[in-house]
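Protein chains: 2
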Amino acid sequence: MNIKGKTIFFENPPVITGSAGVCGKKEGEGPLAQDFDAIFEDTTMGQQSYELAESAMLHDAIIRAITNAQISPANVDFILSGDLLDQCMGSAFAIKDLEIPSIGLYGACSTMALSLCVGSMLIDGGANCVVAGTSSHFCSSERQFRFPLEYGGQRPPSAQWTVTGAGSAVLSAMGDGIKIKAVSIGTICDLGITDANNMGAAMAPAAEKTIYEFLQDTNTKPSDYDLILTGDLGFTGSQLLYELMETEHGIDLRNQHNDCGLMIYNLEEQDVNSGGSGCGCAGSVLCSHILKRMRKNKLKKVLFTATGALMSPTSSKQGNSIPGIAHAVLLEV
Amino acid sequence: MNIKGKTIFFENPPVITGSAGVCGKKEGEGPLAQDFDAIFEDTTMGQQSYELAESAMLHDAIIRAITNAQISPANVDFILSGDLLDQCMGSAFAIKDLEIPSIGLYGACSTMALSLCVGSMLIDGGANCVVAGTSSHFCSSERQFRFPLEYGGQRPPSAQWTVTGAGSAVLSAMGDGIKIKAVSIGTICDLGITDANNMGAAMAPAAEKTIYEFLQDTNTKPSDYDLILTGDLGFTGSQLLYELMETEHGIDLRNQHNDCGLMIYNLEEQDVNSGGSGCGCAGSVLCSHILKRMRKNKLKKVLFTATGALMSPTSSKQGNSIPGIAHAVLLEV
Chain A
1 MNIKGKTIFF
11 ENPPVITGSA
21 GVCGKKEGEG
31 PLAQDFDAIF
41 EDTTMGQQSY
51 ELAESAMLHD
61 AIIRAITNAQ
71 ISPANVDFIL
81 SGDLLDQCMG
91 SAFAIKDLEI
101 PSIGLYGACS
111 TMALSLCVGS
121 MLIDGGANCV
131 VAGTSSHFCS
141 SERQFRFPLE
151 YGGQRPPSAQ
161 WTVTGAGSAV
171 LSAMGDGIKI
181 KAVSIGTICD
191 LGITDANNMG
201 AAMAPAAEKT
211 IYEFLQDTNT
221 KPSDYDLILT
231 GDLGFTGSQL
241 LYELMETEHG
251 IDLRNQHNDC
261 GLMIYNLEEQ
271 DVNSGGSGCG
281 CAGSVLCSHI
291 LKRMRKNKLK
301 KVLFTATGAL
311 MSPTSSKQGN
321 SIPGIAHAVL
331 LEV
Chain B
1 MNIKGKTIFF
11 ENPPVITGSA
21 GVCGKKEGEG
31 PLAQDFDAIF
41 EDTTMGQQSY
51 ELAESAMLHD
61 AIIRAITNAQ
71 ISPANVDFIL
81 SGDLLDQCMG
91 SAFAIKDLEI
101 PSIGLYGACS
111 TMALSLCVGS
121 MLIDGGANCV
131 VAGTSSHFCS
141 SERQFRFPLE
151 YGGQRPPSAQ
161 WTVTGAGSAV
171 LSAMGDGIKI
181 KAVSIGTICD
191 LGITDANNMG
201 AAMAPAAEKT
211 IYEFLQDTNT
221 KPSDYDLILT
231 GDLGFTGSQL
241 LYELMETEHG
251 IDLRNQHNDC
261 GLMIYNLEEQ
271 DVNSGGSGCG
281 CAGSVLCSHI
291 LKRMRKNKLK
301 KVLFTATGAL
311 MSPTSSKQGN
321 SIPGIAHAVL
331 LEV
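Just so you know, the protein sequences line up as chains A and B, in that order.
Using the numbering used here, the first residue of the first sequence is number 1, and each one after it goes up by one.
Using the numbering used here, the first residue of the second sequence is number 1, and each one after it goes up by one.
Excised from the complex, chain A in its bound form (with noise of 0.2 Å):
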């Protein structure tokens, strides 16, 4: 790899040979459903835990992805993963009986993007196969971070929802395919944000850096992708990032820019308020509706930026900020 400001360049650049995306029932309603590769109307998955569940959601993402690219486990070198869930259980029996050497990632939100940026370098330092992916899921996720389900407490505007969903992707040395050109590993940003119902606006600086500075290395503006893809900043978060970009840098991103949370519900319709959040969401969208356009053509340089929210329920109640973090990868067919 060539490191130039921020960004990662590749000599090589890693193939994805393989994806999957999967979701539950709510998403499956949405404006995505035709794209997702499973959709799991009983969101339990036959578990007896809805952490049990988002885990057996995530180990569907990852066989399809393998099975999707051709290959066995045993043909994977490393797999990246990690979720939301407090010590990323959901990651750990997911993959506990895969057999496959396991790098356990924590990058809150933004790890469907971590995951892309570590398994590529590993692919252009010398590794042969890697699988990325990560899952959230609502139920899960509710209880952890906010409150029992069964409280249905009030949510304001600025809340969102979390996506119960997986993605995965299979990083490959060899083979065609989507190429990951170049990536960006964030830096923390924290700007003293405490609300853990707006965290758009706790994560909306941190893509605005990272999404600066990938354009800053890289020579280029926002026209010259077909796409500039957040994770799951939401109504409120890409709101913020638009300002950001237009008073700190004078970029209009409006053009160019989604935003996976925003896509992958209906916000009127699905009582959603400000959009899809979680691993899930990112990994979702990109593994299924995303990559399967890019396959089409129908975009053909794509710069996804997954944010994260570094909080904890700890931290949280304990009344510190929420740092954000965002990490960028450079998609191209």
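Don't read these hints as lab results, they were simulated from the structure.
Don't take every hint at face value.
Pairs involving identical chains hold if they fit within one copy or between any two copies, as the list cannot separate such chains.
[Said to hold, decoys possible] Below, a list of computed lysine-lysine pairs in the DSS-like style, where the Cα atoms sit at most 25 Å apart: (1) Lys96 / Lys6; (2) Lys221 / Lys6; (3) Lys4 / Lys96; (4) Lys96 / Lys298; (5) Lys317 / Lys96; (6) Lys221 / Lys298; (7) Lys221 / Lys300; (8) Lys4 / Lys181.
With the hints as your guide, set chain B onto chain A.
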């Protein structure tokens, strides 16, 4: 990198150009006191919570390691860090103001080895300088995973004492020092242990698997190493590791093996039952005592294998098993 079996060999081995291990009062009363880079008598670190105290300790270790390597944070391509707290809060707050691209890792108590493994692969792949680090704190861990401190719960003989400490190492593509010749990313092992007070038993099979595969891949035997060092198996886990290696593979590890959890405390006098545990155990012992002994040529070839118990408070309460993982790092003078 060249991958043979599960082992990753480096053509241009990364060099450890700086390191620091810091700890709390109790660890500073143990046998390794002279080698720690700092011993904090006040383990609150002047912070308002034990969680932020852990972050402050990790921040201190990172700054010491960077200073020790005679670089500044601006020279660092990536920082790789994780810890035991929910959503890796310890790391997020430790590194959030450093302005270094941040890769969040989750490997439970294996994190020091995981961060060295991934960091080494990134250096071998073209990065110039990375920082690896991890931490744990008795008070933040105890109340998260077990009981409120004030409760004073009884601890069985197999229970371990979470180390209050942090470790950090700077890896560089150039320079003089201890080299990382090879690493191995572990696969998850789950033999069905459900007792959160017997993590040694949950982790020993993972250590056995990773160490045995490393010996096979490198065509070496225990006597080829000055030290085979596990992270925090403690007394119970170390005995199980010996038994497993002997009965499964006919290999006697006793002469070369030691465990950071056995080294950091005087087990009989310090009332720590089976020994030390926590990410900060392996982190602080490796980055101070072990690396200092290697720099003095008292140890020349060390196989560092930190283990992690992939449990969460939620998964334990739900009665799930505790999957284990172990990552290995071959250090040579």
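| message | At most 25 Å between CA atoms: does that hold for Lys96 and Lys6 within a copy, between copies, both, or neither? | response | between (33 Å within a copy, 16 Å between copies)
| request: Go through the copies and call it for Lys4 and Lys181: within, between, both or neither, with a Cα cutoff of 25 Å. | output: Close inside one copy (13 Å), not across copies (27 Å); limit 25 Å.
| said: My question is about Lys4 and Lys96: at a cut-off of 25 Å on alpha-carbon distance, are they close within one copy, between copies, both, or neither? | reply: So Lys4 and Lys96 pass the 25 Å test across copies only (22 Å; inside, 37 Å).
| message | At most 25 Å between alpha carbons: which applies to Lys221 and Lys300, within, between, both or neither? | response | within (15 Å within a copy, 52 Å between copies)
| request: Evaluate Lys221 and Lys298 at a C-alpha cut-off of 25 Å and name the case that applies: within, between, both or neither. | output: within (20 Å within a copy, 56 Å between copies)
| Are the CA atoms of Lys96 and Lys298 at most 25 Å apart within a copy, between copies, both, or neither? | neither (37 Å within a copy, 38 Å between copies)
| said: Regarding Lys221 and Lys6, is the shortest C-alpha distance of 25 Å or less found within a copy, between copies, in both, or in neither? | reply: within (17 Å within a copy, 42 Å between copies)
| query | From the Cα coordinates, with 25 Å as the cut-off, is the pair Lys317 and Lys96 best called within, between, both, or neither? | reply | Between copies only: 19 Å across chains, 32 Å inside a chain, cut-off 25 Å.
Violated hint for the displayed structure: number 4, the only one.
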